[in-house]
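Fit chain B to the supplied structure of chain A, relying on the hints for placement.
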Amino acid sequence: MNLCERLGREWLFFDGGTGTILQERGLKAGELPELWNLTHADEIIALNRAYLEAGCDIINTNTFGANALKFTENLTEIVEAAVEHAKEARRQANRPDARIALDIGPTGKLLKPMGDLDFEKAVELFAQVVRIGAKAGADLVLIETMSDSYEAKAAVLAAKENCDLPVMITLIFDEKGKMLTGGTVESTVAMLEGLRVDAIGVNCGMGPRQMMPIVREMVACSSLPVIVNPNAGLPRSVNGKTVFDVEPAEFAALMREIAQLGVQALGGCCGTTPEHIRAMIEACRSVPVAPVTKKHRTVVSSFSQTVEIGGAPVIIGERINPTGKSKFKQALRDNNIEYILSEGLVQEDKGAHILDVNVGLPEIDEPAMMERVVTGLQSILALPLQIDTSDAAAMERGMRLYNGKPMLNSVSGKAESMETVFPLVRKYGGVVVGLALDETGIPETAEGRVQIAKKIYETAATYGIPKEDIVIDALAMTISSDSRSALVTLDTLRRIRDELGGHTILGVSNISFGLPQREIINANFYTMAMQNGLSCAIINPNSEAMMRSYQAFLALTAQDEQCAAYIAAYGGQQSTAPVSAAKAAMPLGESIERGLKEHAVQATTARLEQLAPLEIVNNELIPALDRVGKGFEQGKVFLPQLLMSAEAAKAAFEVVKSAMKGEVQEKKGKIILATVKGDIHDIGKNIVKVLLENYSYEVIDLGKDVPPETIVETAIAQDVRLVGLSALMTTTVVSMEETIKQLRAQKPDAKVVVGGAVLTPEYASSIGADCYAKDAMATVHYAQQTIG
Amino acid sequence: MIEIDRGEVRRYLGFKNGQTDESTEGLIDACIAKLNEEAVPKSVFHAFDLENPVGNVLKIEGLCITSANLAKNLKGCSCVYLMAATLGVGVDRLIARASATEMSRAVVYQAAAAAMIEAYCDEINEALCREAGRENLYCRPRFSPGYGDFNIKHQMDFARLLDTPRKIGLTVTEGMALAPSKSVTAIIGLSREKQPCHIKGCEVCDKTNCAFRR
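One line per chain: the protein sequences are A and B, in this order.
Residue numbering for the first sequence follows the numbering used here, starting at 1 and increasing by one per position.
Residue numbering for the second sequence follows the numbering used here, starting at 789 and increasing by one per position.
None of these hints come from the bench; they were simulated from the model.
Among these hints, one or two may not hold up.
Unchecked claim - Below, simulated EDC-like cross-link-like pairs (lysine to aspartate or glutamate); rule was C-alpha separation at most 16 Å, straight line: (1) B:K830 to A:E175; (2) A:K294 to A:E5; (3) A:K667 to A:D719; (4) A:K650 to A:E693; (5) A:K70 to B:D951; (6) A:K112 to B:E962; (7) A:K178 to B:E826; (8) A:K121 to B:E962; (9) B:K955 to A:D174; (10) A:K650 to B:E890; (11) B:K955 to A:E175; (12) A:K741 to A:D770; (13) A:K28 to B:E849; (14) A:K70 to B:E962; (15) B:K804 to A:E633; (16) A:K636 to B:E810; (17) A:K176 to B:E825; (18) A:K455 to A:E419; (19) A:K241 to B:D837; (20) A:K241 to B:E849; (21) A:K241 to B:E919; (22) A:K747 to A:E737.
What the hints assert, rightly or not - Beta-carbon label-pair distances, calculated as ranges: (23) B:Q807 to A:S237: 41 to 47 Å; (24) B:A821 to A:R548: 29 to 35 Å; (25) B:D809 to A:P466: 56 to 62 Å; (26) A:S766 to B:M789: 44 to 50 Å; (27) B:A821 to A:E709: 42 to 48 Å; (28) B:M789 to A:E709: 42 to 48 Å.
Glycine is no exception: its CB is placed at the ideal position from the N, C-alpha and C atoms.
Just chain A, same shape as in the assembly (with noise of 0.2 Å):
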């Protein structure tokens, strides 16, 4: 039997604690414990013997920190020490059964955004400890201790890429459930039974007591086996050093308790001896192992959320997607990144449980933009996304660098489909929509229907894809050229929940295609769909119509607890008072002074009545945000109040613009934005970026850490007469520096302007910048000076 076929019908017993044994044995505070694989060897291969003595079926190597970044020098040496002294403590334990697992622990960097680590750069560092590792010997990987979601998955993919050993990962989570990065069991445990590890577990950062609820909630929703390994209690400080209070015996009788929970596999962590673990052994042993149980969830996750398919309906929020939509298509076009998430918050504020993502336009990069949006989408909302690509690159792109289980759409019925679609979700998991057509076309009938579901089911299963990762789109077809499509489509639906209880999805209001007041058709159709089993809905959440259809279906159906989402959503409706006279009677300068964008909104709807749209922004807009502009610079105006002004503004020039139809509206010149190389801190530039657009300016934003080769390329290939850099940090305004002289030598007419925190006039001079602005206003004036 290998390893994980054990896992289930025997108990598996992992070490104990590493870090805090080598302090007692002199390890100092900031000392690399990994190094002791060279200097200190006896004590390693003592403390790994230890533990086989103890009777641990499993021993970690002492390689938690080891990786290129803390051992730029000696990696190989260290990690092939590590594996070399678990070999030799199993020798003169005489534990040949016992198996070593390569343990991986998290690089101490945060991923970008948040931090400064890509995610391809996470992933190629636990590569080489794994390559390492293996080649040396190791049984399994043990990834362990890790905080954050998608550093856990760069880990997974790095182990899974790199070797066939077994990957098993415990992670830390606090009292309340959560990773430091916001991860619940819940999302994590489906994120990583999509990437198809062979057991999960939870480790460090609490003693067996407060893990308790943990492990129950993680043996709940896990499909594979649970590893538990606590610490000895909590950490208490005393007299500047770490204490573990457990003892041995009370960590046995605790472990014994979290045994009958159904977990497969325990062991220790900080503070725990081999003492604690002999203890543990002893105790558990004759608690009978449960087996694992497949829990047959249809879930998919972002990465803190789960929305799981097959309960209440699911909407998934249609709007991203350029389809129709020629503002949208000029977004992807123009690379304004900022559109599309905003086009997603909105989705997120009106319902939507999760964002279809689709991205595709035939002149555009698809695998790129889909990196971008999706992991723009991911750093500021927490809504599970469905990426939405016939690009199989694109799709794969998207799906590596998703912080969770994605949903896909989508695979058909066609063999050349599946034969792309499935491996992918075989590697990174996944829900995936199924379309109920094949290379014979879409099937008239519900019984053609079902049986390429059955066909779609069928070939995932040989991929090992379960039943559960699949939706079927039964597919909506307008009633307008074929006036029986809904019926079949409903019945398709009907007969995939109760043949084969399987779940649906539909692109809702394809039914309505060609026909006047599509919503009415949209929203009635939709209603009789979840009737008749519709699981999930791709709709515009910004339709009244679909919410109200929606929000009345789990009402009436006894899905809606005292109706009180229906009340929350309806009740106080009818009193909303059409618009007071004083409230419209603002004028527009005013309501822009005051930073009043609603107000903007309505005043310049009512001027567009009496004046053109340039005599609007002439007369009024402009002049109403260069007062605002002043008193910011006289001190009168405060930045949160010159912002919202400019919002207000921004509103109204976005009234005018669709007003002017047609007409080209002219921009005054391209500015680069962008904060400098090394820095990660984009507020100001952000600030600097409103005002400008504000003034006409074409802002291209690059973002943050943006290389100086990137700036001046683009400087280049756009032909920008001005750039507009921000460092916040001395140690980053040497990348300014760099920046500027690289633009100087390749792009000699642009001129540079410059700021943030630690920059000053003379400073900005002496790194060659042409300006120094002291706050956005400044920026402006100097963009009016140089590009007019």
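Leaving out everything else, chain B in the frame of chain A:
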């Protein structure tokens, strides 16, 4: 819950002498409420011996710091606390989210979170002072890498000595920024003599034209 000093929030936003308006105050309220939901404050500290300083060179647990400002701050101290604190990535996410849609909100989050991490450090600092007081030791004002001539590169050493990535999720970027961004590392000297010294931050800073200078 961490008590945020609204005066500090206004100061960070550039308001002089408390002159804000209703919509700004409303925004500050909303942002503080949301921050209290999203922040996950965590901290770690450890006491270390301070070797007898030679000139401006200070030695702590094998770590060597050269800084006239810090040497002055720690004059007469025989041991120090190193501390690190963070509000967690949730706060950064909140700021990033607001930045995508509403910069006015983003800057208020930024200011309120800055005030919040300071208030949190004050709480920890006071607790450490009380603990030290029991042994008749007095705390010096906390001093952070990047203050005066205390090289910001020592952020790395603080992270290593306190094991901050593992213990509280606090990391240091290559550019020596702390991530999550609303985080602080600091050193607090302990001495037998009481010193009426309340210098904090601004007064040792060289950037005398700073808009936020107290």
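The hints, checked one at a time:
| no. | hint | result |
| --- | --- | --- |
| 1 | B:K830 to A:E175 | holds (13 Å) |
| 2 | A:K294 to A:E5 | holds (15 Å) |
| 3 | A:K667 to A:D719 | holds (15 Å) |
| 4 | A:K650 to A:E693 | holds (8 Å) |
| 5 | A:K70 to B:D951 | holds (13 Å) |
| 6 | A:K112 to B:E962 | holds (12 Å) |
| 7 | A:K178 to B:E826 | holds (12 Å) |
| 8 | A:K121 to B:E962 | holds (14 Å) |
| 9 | B:K955 to A:D174 | holds (11 Å) |
| 10 | A:K650 to B:E890 | holds (11 Å) |
| 11 | B:K955 to A:E175 | holds (14 Å) |
| 12 | A:K741 to A:D770 | holds (12 Å) |
| 13 | A:K28 to B:E849 | holds (8 Å) |
| 14 | A:K70 to B:E962 | holds (13 Å) |
| 15 | B:K804 to A:E633 | holds (13 Å) |
| 16 | A:K636 to B:E810 | holds (15 Å) |
| 17 | A:K176 to B:E825 | holds (13 Å) |
| 18 | A:K455 to A:E419 | holds (13 Å) |
| 19 | A:K241 to B:D837 | holds (13 Å) |
| 20 | A:K241 to B:E849 | holds (14 Å) |
| 21 | A:K241 to B:E919 | holds (14 Å) |
| 22 | A:K747 to A:E737 | holds (15 Å) |
| 23 | B:Q807 to A:S237: 41 to 47 Å | holds (44 Å) |
| 24 | B:A821 to A:R548: 29 to 35 Å | holds (30 Å) |
| 25 | B:D809 to A:P466: 56 to 62 Å | holds (58 Å) |
| 26 | A:S766 to B:M789: 44 to 50 Å | holds (45 Å) |
| 27 | B:A821 to A:E709: 42 to 48 Å | holds (43 Å) |
| 28 | B:M789 to A:E709: 42 to 48 Å | holds (46 Å) |
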